[in-house]
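Protein chains in written order, with the working numbering: chain A, 178 to 310; chain B, 11 to 200.
Hints are not guaranteed to be accurate.
[Unchecked claim] Calculated pairs, SDA-like style, for lysine to any residue (alpha carbon to alpha carbon, straight line, at most 20 Å):
hint, chain 1, residue 1, chain 2, residue 2
1, A, 259, B, 103
2, A, 233, B, 99
3, A, 259, B, 142
4, A, 259, B, 108
5, A, 277, B, 105
6, A, 280, B, 172
7, A, 237, A, 280
8, A, 280, B, 108
9, A, 249, A, 261
10, B, 116, B, 66
11, A, 233, A, 277
12, A, 227, A, 285
13, B, 116, B, 53
14, B, 116, B, 105
15, A, 259, B, 105
16, A, 280, A, 297
17, B, 152, B, 73
18, A, 288, A, 250
19, A, 259, B, 171
20, B, 116, B, 193
21, A, 234, B, 91
22, A, 242, B, 183
23, B, 125, B, 103
24, A, 280, B, 115
25, A, 277, B, 92
26, B, 116, B, 183
27, A, 280, A, 233
28, B, 128, B, 105
29, A, 277, B, 53
30, A, 277, B, 65
31, A, 250, B, 171
[To be verified] Each pair of labels, with its calculated beta carbon distance range:
hint, chain 1, residue 1, chain 2, residue 2, range
32, A, 219, B, 162, 16 to 26 Å
33, A, 212, B, 135, 28 to 38 Å
34, B, 159, A, 202, 23 to 33 Å
35, B, 109, A, 199, 24 to 34 Å
36, B, 99, A, 267, 54 to 64 Å
37, A, 241, B, 93, 37 to 47 Å
38, A, 184, B, 125, 24 to 34 Å
39, A, 223, B, 199, 45 to 55 Å
40, A, 207, B, 105, 42 to 52 Å
These aren't lab readings, by the way, just hints derived from the structure by calculation. Note that beta-carbon positions come from the ideal geometry of N, C-alpha and C, so glycine has one too.
Residues per chain are reported as follows:
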Amino acid sequence: MNRKLIGVTALLLSIPFYAQADAVSDLEAEYQAQGGTNSSATAGEALWNKEFIDAKKGDKRSCTKCHTADLKKPGKHARTGKAIEPMAPTVNPKRLTEVKQIKKWFVRNCKWTLGRECTAQEKGDFLAYLKNL
Amino acid sequence: MKSKSSVASMVLLSAALLGMSSAAFSADNKPGFFSRMFDGEKAPGVAPVKNPQYLEECGSCHFPYQPGLLPARSWKKVMSGLEDHFGENAELPPEDVKNITDYMLKNAADHADYKRSKRIMSSLRADGAPLRISETPYFIEKHNELSRAMVQDNPKVGSVSRCGTCHTMAETGSFSESEIQIPGFGAWED
């Protein structure tokens, strides 16, 4: 009776991790199919910290501007001041669990930061970097 | 045998009851006529947002402004330009844009039976469609006693666009003066 209970509890507690594993692996497969080669967490980290200059307004932009470079800490929207929950899944288990959410933020934030959509390679690299934090 | 005056008073009574009932039976979940009249339960200044999709998509970067704070024509403009949303990219998949826009238009200030909605609407020029609530004449008048020290130069505030920073009950749709707490300054004293 006790072992069953422990087993069921363990199974239930691992659901968030399954959710994340599912969403990330689904997307990684998608990006590979779109031409991304082996994704690199190092490349993802470098891209995260890279500074881009906006073509129209000339201001400096990077992921760290809102999310900071320490992804276990909360960030802050550079313009509105709104608090942003930490990106690191180990600290914030809701991160990287929904494909739709991940895709939405890739569209918005790549376009705003890089001035264009991220390539499949870049998205794969970002996921490789973020998923183990 | 009914006299003329008793028929007349029946007609009057029925008319009064009918008239009151349309106010009493309102479809928007606002505390009803009788709750407000007899229980002292006040409706907030603007209809609070209950739509989870709206809260998620329009509240993750800034205060989730209630649709009842601008006319439908303003919201249409906002929702048709999400790639450049006040300098940010707020793009969404088309079905989400449609669902959220529908919600906003349905709850826009034009036909909202809430005090702030009505005041904002009557303060606008005929087809004025400001993109910012803070550009409506009603808003400007209501905030015209604020100093720069309290807002723009206040590191804890920064802008009148950050409703929730000072209006402690803003997310419930209430912007009453008595609920204001300006960070670094305290309650609003007239």
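Quick rundown of the hints versus the structure:
no.: 1; hint: A:259 <-> B:103; verdict: 23 Å, violated
no.: 2; hint: A:233 <-> B:99; verdict: 14 Å, holds
no.: 3; hint: A:259 <-> B:142; verdict: 18 Å, holds
no.: 4; hint: A:259 <-> B:108; verdict: 25 Å, violated
no.: 5; hint: A:277 <-> B:105; verdict: 13 Å, holds
no.: 6; hint: A:280 <-> B:172; verdict: 28 Å, violated
no.: 7; hint: A:237 <-> A:280; verdict: 24 Å, violated
no.: 8; hint: A:280 <-> B:108; verdict: 18 Å, holds
no.: 9; hint: A:249 <-> A:261; verdict: 11 Å, holds
no.: 10; hint: B:116 <-> B:66; verdict: 18 Å, holds
no.: 11; hint: A:233 <-> A:277; verdict: 29 Å, violated
no.: 12; hint: A:227 <-> A:285; verdict: 17 Å, holds
no.: 13; hint: B:116 <-> B:53; verdict: 19 Å, holds
no.: 14; hint: B:116 <-> B:105; verdict: 17 Å, holds
no.: 15; hint: A:259 <-> B:105; verdict: 26 Å, violated
no.: 16; hint: A:280 <-> A:297; verdict: 11 Å, holds
no.: 17; hint: B:152 <-> B:73; verdict: 19 Å, holds
no.: 18; hint: A:288 <-> A:250; verdict: 24 Å, violated
no.: 19; hint: A:259 <-> B:171; verdict: 12 Å, holds
no.: 20; hint: B:116 <-> B:193; verdict: 34 Å, violated
no.: 21; hint: A:234 <-> B:91; verdict: 18 Å, holds
no.: 22; hint: A:242 <-> B:183; verdict: 31 Å, violated
no.: 23; hint: B:125 <-> B:103; verdict: 34 Å, violated
no.: 24; hint: A:280 <-> B:115; verdict: 27 Å, violated
no.: 25; hint: A:277 <-> B:92; verdict: 18 Å, holds
no.: 26; hint: B:116 <-> B:183; verdict: 17 Å, holds
no.: 27; hint: A:280 <-> A:233; verdict: 25 Å, violated
no.: 28; hint: B:128 <-> B:105; verdict: 30 Å, violated
no.: 29; hint: A:277 <-> B:53; verdict: 36 Å, violated
no.: 30; hint: A:277 <-> B:65; verdict: 16 Å, holds
no.: 31; hint: A:250 <-> B:171; verdict: 25 Å, violated
no.: 32; hint: A:219 <-> B:162: 16 to 26 Å; verdict: 42 Å, violated
no.: 33; hint: A:212 <-> B:135: 28 to 38 Å; verdict: 53 Å, violated
no.: 34; hint: B:159 <-> A:202: 23 to 33 Å; verdict: 53 Å, violated
no.: 35; hint: B:109 <-> A:199: 24 to 34 Å; verdict: 25 Å, holds
no.: 36; hint: B:99 <-> A:267: 54 to 64 Å; verdict: 28 Å, violated
no.: 37; hint: A:241 <-> B:93: 37 to 47 Å; verdict: 23 Å, violated
no.: 38; hint: A:184 <-> B:125: 24 to 34 Å; verdict: 57 Å, violated
no.: 39; hint: A:223 <-> B:199: 45 to 55 Å; verdict: 53 Å, holds
no.: 40; hint: A:207 <-> B:105: 42 to 52 Å; verdict: 20 Å, violated
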